[in-house]
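*Asks:* Listed in order, the protein sequences are those of chains A and B.
Anchor point for the first sequence: position 371 equals 456 in our numbering, and the numbering is continuous, going up by one each time.
Anchor point for the second sequence: position 347 equals 432 in our numbering, and the numbering is continuous, going up by one each time.
Hints are computed from structural coordinates only; laboratory data are not their basis.
On a predicted model such as this, the values are computed, not experimentally measured, just so you know.
Careful, some of the hints might be misleading.
Since the list gives no way to pick one copy over another, a pair counts as held whenever it fits inside one copy or between any two copies.
[Stated by the list, open to error] List time: in silico BS3-like cross-link candidates among lysine-lysine, alpha-carbon distance up to 27 Å:
(1) LYS378 - LYS342
(2) LYS265 - LYS355
(3) LYS232 - LYS378
(4) LYS342 - LYS232
(5) LYS342 - LYS287
(6) LYS258 - LYS434
(7) LYS434 - LYS141
(8) LYS355 - LYS287
(9) LYS232 - LYS258
(10) LYS355 - LYS342
(11) LYS265 - LYS342
(12) LYS355 - LYS258
(13) LYS434 - LYS155
(14) LYS155 - LYS232
(15) LYS402 - LYS378
(16) LYS402 - LYS520
(17) LYS134 - LYS287
2 protein chains.
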Amino acid sequence: MLIQKRRGAYAVNKREPVIGIVGLGYVGLADALAFSLHGFRVVGVDISKERIEAIKAGYVEGFPREAILKSLEGSLELSTSYDSLRDAKVVFIAVNTPTNPNGSQDLSQIISALNGLAEVWRDNLHDFRVIVLKSTVLPGTTRGLAKHVLNKLSTVSEHVGFVHCPEFLRSDKPLEDVLKPFRVVIGGIDERSSSIVAEIFKELYRRIGYDAPIFIVSPEEAEMIKYASNVFLALKTVYGNLVGLVCREIENCDALKVMDIVGLDPRIGKSHIMPGMPYGGPCLVKDTSAFGKFVLERTRIDFVNRISELNELFIDKMIDSLEMALDDLRGKRVAVLGIVFKIGSSDVKDSPAISLSEKLLAKGAYVYIDDINRKALEYAQIILKDVRIINNYEELKSMDAVLITVGYKEYEQALQHVNDDALIFDVTGTLKDNKVLKFYSSAKKT
Amino acid sequence: MLIQKRRGAYAVNKREPVIGIVGLGYVGLADALAFSLHGFRVVGVDISKERIEAIKAGYVEGFPREAILKSLEGSLELSTSYDSLRDAKVVFIAVNTPTNPNGSQDLSQIISALNGLAEVWRDNLHDFRVIVLKSTVLPGTTRGLAKHVLNKLSTVSEHVGFVHCPEFLRSDKPLEDVLKPFRVVIGGIDERSSSIVAEIFKELYRRIGYDAPIFIVSPEEAEMIKYASNVFLALKTVYGNLVGLVCREIENCDALKVMDIVGLDPRIGKSHIMPGMPYGGPCLVKDTSAFGKFVLERTRIDFVNRISELNELFIDKMIDSLEMALDDLRGKRVAVLGIVFKIGSSDVKDSPAISLSEKLLAKGAYVYIDDINRKALEYAQIILKDVRIINNYEELKSMDAVLITVGYKEYEQALQHVNDDALIFDVTGTLKDNKVLKFYSSAKKT
Numbered sequence: 086m087l088i089q090k091r092r093g094a095y096a097v098n099k100r101e102p103v104i105g106i107v108g109l110g111y112v113g114l115a116d117a118l119a120f121s122l123h124g125f126r127v128v129g130v131d132i133s134k135e136r137i138e139a140i141k142a143g144y145v146e147g148f149p150r151e152a153i154l155k156s157l158e159g160s161l162e163l164s165t166s167y168d169s170l171r172d173a174k175v176v177f178i179a180v181n182t183p184t185n186p187n188g189s190q191d192l193s194q195i196i197s198a199l200n201g202l203a204e205v206w207r208d209n210l211h212d213f214r215v216i217v218l219k220s221t222v223l224p225g226t227t228r229g230l231a232k233h234v235l236n237k238l239s240t241v242s243e244h245v246g247f248v249h250c251p252e253f254l255r256s257d258k259p260l261e262d263v264l265k266p267f268r269v270v271i272g273g274i275d276e277r278s279s280s281i282v283a284e285i286f287k288e289l290y291r292r293i294g295y296d297a298p299i300f301i302v303s304p305e306e307a308e309m310i311k312y313a314s315n316v317f318l319a320l321k322t323v324y325g326n327l328v329g330l331v332c333r334e335i336e337n338c339d340a341l342k343v344m345d346i347v348g349l350d351p352r353i354g355k356s357h358i359m360p361g362m363p364y365g366g367p368c369l370v371k372d373t374s375a376f377g378k379f380v381l382e383r384t385r386i387d388f389v390n391r392i393s394e395l396n397e398l399f400i401d402k403m404i405d406s407l408e409m410a411l412d413d414l415r416g417k418r419v420a421v422l423g424i425v426f427k428i429g430s431s432d433v434k435d436s437p438a439i440s441l442s443e444k445l446l447a448k449g450a451y452v453y454i455d456d457i458n459r460k461a462l463e464y465a466q467i468i469l470k471d472v473r474i475i476n477n478y479e480e481l482k483s484m485d486a487v488l489i490t491v492g493y494k495e496y497e498q499a500l501q502h503v504n505d506d507a508l509i510f511d512v513t514g515t516l517k518d519n520k521v522l523k524f525y526s527s528a529k530k531t
Numbered sequence: 086m087l088i089q090k091r092r093g094a095y096a097v098n099k100r101e102p103v104i105g106i107v108g109l110g111y112v113g114l115a116d117a118l119a120f121s122l123h124g125f126r127v128v129g130v131d132i133s134k135e136r137i138e139a140i141k142a143g144y145v146e147g148f149p150r151e152a153i154l155k156s157l158e159g160s161l162e163l164s165t166s167y168d169s170l171r172d173a174k175v176v177f178i179a180v181n182t183p184t185n186p187n188g189s190q191d192l193s194q195i196i197s198a199l200n201g202l203a204e205v206w207r208d209n210l211h212d213f214r215v216i217v218l219k220s221t222v223l224p225g226t227t228r229g230l231a232k233h234v235l236n237k238l239s240t241v242s243e244h245v246g247f248v249h250c251p252e253f254l255r256s257d258k259p260l261e262d263v264l265k266p267f268r269v270v271i272g273g274i275d276e277r278s279s280s281i282v283a284e285i286f287k288e289l290y291r292r293i294g295y296d297a298p299i300f301i302v303s304p305e306e307a308e309m310i311k312y313a314s315n316v317f318l319a320l321k322t323v324y325g326n327l328v329g330l331v332c333r334e335i336e337n338c339d340a341l342k343v344m345d346i347v348g349l350d351p352r353i354g355k356s357h358i359m360p361g362m363p364y365g366g367p368c369l370v371k372d373t374s375a376f377g378k379f380v381l382e383r384t385r386i387d388f389v390n391r392i393s394e395l396n397e398l399f400i401d402k403m404i405d406s407l408e409m410a411l412d413d414l415r416g417k418r419v420a421v422l423g424i425v426f427k428i429g430s431s432d433v434k435d436s437p438a439i440s441l442s443e444k445l446l447a448k449g450a451y452v453y454i455d456d457i458n459r460k461a462l463e464y465a466q467i468i469l470k471d472v473r474i475i476n477n478y479e480e481l482k483s484m485d486a487v488l489i490t491v492g493y494k495e496y497e498q499a500l501q502h503v504n505d506d507a508l509i510f511d512v513t514g515t516l517k518d519n520k521v522l523k524f525y526s527s528a529k530k531t
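Please model the entire structure based on the sequences and the hints provided.
*Replies:* Written out as structure tokens, the structure reads:
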């Protein structure tokens, strides 16, 4: 039985199995909080001291401070050392899988986490443990990684199971999505591994009081489910934007009106179909690119990789339109309003507005960037050395063109400073100002 | 007020405006029934006497006989002559738009209907009438057709309005989809035209007691909404099948399990995503092909046309797998179980099973076809001269391979006749028999 403390946090119950979590990014931290808030003993490990300090202080983007502090007060323990995972019954690996310069997946963070864990467990396992890989990896990878770690643990390998359990979190609502997932997918290398992890999730959702659909599949199926889901969302985005480009070329046709009605069909749905900026962010870009290569290699079908190409092409089409309207971009002053990949995130690494700004700079334009999220803006300036940050919207007066790339409602006001003969392109289609041209809409009227 | 007759049909009320419908295929007939069953006076015109006779007898595939007979007893009048449309206030044009050999849209049936109507109206219009185009046409076409008909009606052209109102019917449930549409889209060339048609639909749904979302847009937006919707469904089908092909190439991966879970995400949805036969039927094939050409011409982007190519490629992949398994198809006996493009339809014209059979024949195989719908089977034999029809499932004994291309539950039984060493490929993934290989599933197990 759990002992409820006065302020609502669970007290540590020594009979609860320990859940380890390696990598406390938004995926790992969401899991750490979800489990610890519901009475599981959780040890979270991250090699970054800074990250651990930020969590201890309760300040992590995307997470309610109260939830973090409540967890820390209860059954969540943080550490920078794998030693803390000695007694963990189940260890989630939630580190990054970035892309190598050649487009392949960089598994070094996973391998380093697995090696760290093997080191601690090597001479020390008398009961069965399960490693749960949360990181997104291409089909076939989990089984390979399992072999690697079982080799390292050769003397005790019969005590170790391995599961791939893909995460399906939105980066701006990670905790919410762990607490109420559309589905939990468990792909164990054997039945024993799967069923131990399934039991832990069942217990979590029993405590939450949510009837989560839990599926046991093969590791390859689990890996494929993750890619097939994310790449479909990328495809949907690209399709909506493509219809947007077609609408630009015909008379009297507003792509936002079109796709708003198309999205009413429940077989289609509104999500990801509205024309706007290309997709960006920490998942869709790298997953679509990795899966595109994978599909091409395995089937010789050149289709998924076209999604990434098209996504990049939309940026070129924006540049083309600007160039056409302003004659030449050299020396022109262009404001890019919005730099994050979506509202609520400060992630700019794979934000399409970054790529747009880079291409504008390459054309010789003076580029001025803004974002309501000031932290994102600072990150962006580190990447885009030659841009200038807008400090006051009065600076918009001197712009030749203004591009709205994130639909912050604050921009409605800001645009009042823009000169009447400046070009204003709203790529998001969300602003109501009359001076604004919707990018995804016909320029021609009958 | 409407006068209800004893057997439930509405009596003809002379004060109701007359609605004309040209072309009584499943689109036109569905509209004719929906309006007449709810008390509107409807005149349906079709140049085919056979079609008129079939409707009069109440036997039309996809429509409940009772609904047809009740309409005819009430306010539905049928005719083969445009003269009957003299007094129609609103005329729906619901004729076919087939594809020309060069891939362009054949508008001749629409033009002929418009000319017929213009002939009758030319010297005869003293009040405002609206022509409503239901047929699927490429963006820009409606306005061109309106100009054509207004020229013909030059002396009375101020009395004629024009609207594009795309249909969104499933060919196996047309009446249901008119009575409860997800949306009604009205794209008039002017406000007056749109508002007259909107009022008629509002009155229809008031009488039905259904709160239909009605949208007034430009003709170009209406045209685009139709294509963007249908082509997205084609894209979704192709994507599901592509994931299926990828799963074939990796270990322990059942694409049906994968996509079943992927479809749980409400941003994706189960419809059209399950791997199976390529898309077919009277809409998706021609619409995707026409829109693919259109998009390429207008934007120089080679993407939508790739959907049609991929769709055809799945057939080639099936042939390849068979060829690999049987060494060579020449002289081999192959059964194709299911020839319609979907259960509930007898349409075979653009059915992928036809294309599959043609390619098998071209490889020198003996092809045996079956379908639970015997009418479809007869149509198929007219197209595929060299196939043989299976008359008794005992004939399956002698087959080298059996392909299940439509998921009729009857096939579960039929397969018991197949020889143990014959190859059975289920492309639909619906059969449970152990002898059956799912086409979209890994052949490799660890």
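*Asks:* Now tell me, hint by hint, if it's right for this structure.
*Replies:* Hint-by-hint comparison with the structure:
1. LYS378 - LYS342: Answer is between: at 23 Å across copies they meet the 27 Å cutoff, but 35 Å inside does not.
2. LYS265 - LYS355: Result: close both inside a copy and across copies, 21 Å intra and 20 Å inter.
3. LYS232 - LYS378: within (24 Å within a copy, 49 Å between copies)
4. LYS342 - LYS232: Cα proximity of LYS342 and LYS232: across copies only (25 Å, versus 52 Å in one copy).
5. LYS342 - LYS287: Answer is between: at 21 Å across copies they meet the 27 Å cutoff, but 43 Å inside does not.
6. LYS258 - LYS434: within (19 Å within a copy, 48 Å between copies)
7. LYS434 - LYS141: Intra 25 Å, inter 66 Å, cutoff 27 Å: intra-copy only.
8. LYS355 - LYS287: between (31 Å within a copy, 25 Å between copies)
9. LYS232 - LYS258: Neither. Shortest intra-copy (34 Å) and inter-copy (52 Å) distances fail the 27 Å Cα cut-off.
10. LYS355 - LYS342: Answer is both; intra-copy 12 Å and inter-copy 25 Å each pass.
11. LYS265 - LYS342: Classified as between; 22 Å across copies, 32 Å inside a copy.
12. LYS355 - LYS258: both (19 Å within a copy, 24 Å between copies)
13. LYS434 - LYS155: neither (31 Å within a copy, 64 Å between copies)
14. LYS155 - LYS232: Result: close neither inside a copy nor across copies, 38 Å intra and 70 Å inter.
15. LYS402 - LYS378: both (25 Å within a copy, 20 Å between copies)
16. LYS402 - LYS520: Answer is within; shortest intra-copy Cα gap is 21 Å, inter-copy 53 Å.
17. LYS134 - LYS287: The answer is neither: 33 Å in one copy and 64 Å across copies each exceed 27 Å.
Comparing the model with each earlier hint shows violations of hints 9, 13, 14, 17; every other hint is respected.
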